[in-house]
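Student: Residues per chain are reported as follows:
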Amino acid sequence: MKVQWLKDADAALLEAKTRKQPLLIDFSAAPA
Amino acid sequence: MPLEAHIKEHAAYFHRFDSVWTPSVLILDPNGKERYRLEGYLPKDEFRAHLEMGLARVAFMSKDWATAEDRYTAVLQRYPNSKAAPEALYWKGVSHYKSTNDHTVLSELPEQFQEKYPDSIWALKTAAWMH
Numbered sequence: 001m002k003v004q005w006l007k008d009a010d011a012a013l014l015e016a017k018t019r020k021q022p023l024l025i026d027f028s029a030a031p032a
Numbered sequence: 001m002p003l004e005a006h007i008k009e010h011a012a013y014f015h016r017f018d019s020v021w022t023p024s025v026l027i028l029d030p031n032g033k034e035r036y037r038l039e040g041y042l043p044k045d046e047f048r049a050h051l052e053m054g055l056a057r058v059a060f061m062s063k064d065w066a067t068a069e070d071r072y073t074a075v076l077q078r079y080p081n082s083k084a085a086p087e088a089l090y091w092k093g094v095s096h097y098k099s100t101n102d103h104t105v106l107s108e109l110p111e112q113f114q115e116k117y118p119d120s121i122w123a124l125k126t127a128a129w130m131h
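Chain order of the listed sequences is A and B.
Residue numbers for the first sequence follow the numbering used here, so the first one is 1 and each next one is one higher.
Residue numbers for the second sequence follow the numbering used here, so the first one is 1 and each next one is one higher.
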């Protein structure tokens with residue numbers, strides 16, 4: 001299953017709150 | 001809900017969420033409060049186990065004891081030999097105690113730790129409950 005990564009933190013926080021779901025943030029420096 | 005924070009594209013997020021090392025994974029509750037932080041690489045199964053610990057912590061901190069206990073139980077069942085398992089056993093017991101106020105579950109933990117994870121720091125934390 002391909003993960004649909006969000007890119008906008010404010011939008012992600014709002015969506016997590018609206019859906020009452022946890023938010024996972026992946027901090028990476030790996031080459032794309 | 002997954003959010004990507006790459007150091008080149010989202011440098012501001014590192015400051016905003018106090019992330020100073022990569023890779024790091026943060027798990028926030030639905031209100032945006034950090035509940036779990038995992039820094040550094042882990043083998044796949046250890047990583048999965050710790051992600052599930054994060055979700056369990058979200059439930060625990062929202063005082064959803066039943067869900068927390070279920071999630072810690074799932075870690076123990078899926079990853080019994082992981083480094084996360086002793087911590088899962090500890091918090092599973094605490095979650096059960098929180099939901100029932102039955103302290104006998106705590107007094108049973110030292111024996112379970114001696115049997116399964118005697119060298120864990122979590123075993124030391126249960127020693128005070130030994131009768």
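Read the hints as simulated data drawn from the structure, not as lab findings.
Don't take every hint at face value.
Stated by the list, open to error - Quick list of in silico lysine-lysine cross-link-like pairs, PhoX-like style, CA-CA up to 25 Å: (1) B/Lys98 / B/Lys125; (2) A/Lys20 / A/Lys2; (3) B/Lys33 / A/Lys17; (4) A/Lys20 / B/Lys33; (5) B/Lys33 / B/Lys63; (6) A/Lys2 / B/Lys44; (7) B/Lys63 / B/Lys125; (8) B/Lys98 / A/Lys7; (9) A/Lys20 / B/Lys98; (10) B/Lys63 / B/Lys8; (11) B/Lys63 / B/Lys44; (12) A/Lys17 / A/Lys2; (13) B/Lys33 / A/Lys7; (14) B/Lys125 / A/Lys20; (15) B/Lys83 / B/Lys125; (16) A/Lys7 / B/Lys8; (17) B/Lys63 / A/Lys2; (18) B/Lys33 / B/Lys98; (19) B/Lys63 / A/Lys17.
Student: When the structure is checked against the list of hints, which entries are broken? Sort them ascending.
Tutor: Violated: hints 8, 10, 11, 14, 17.
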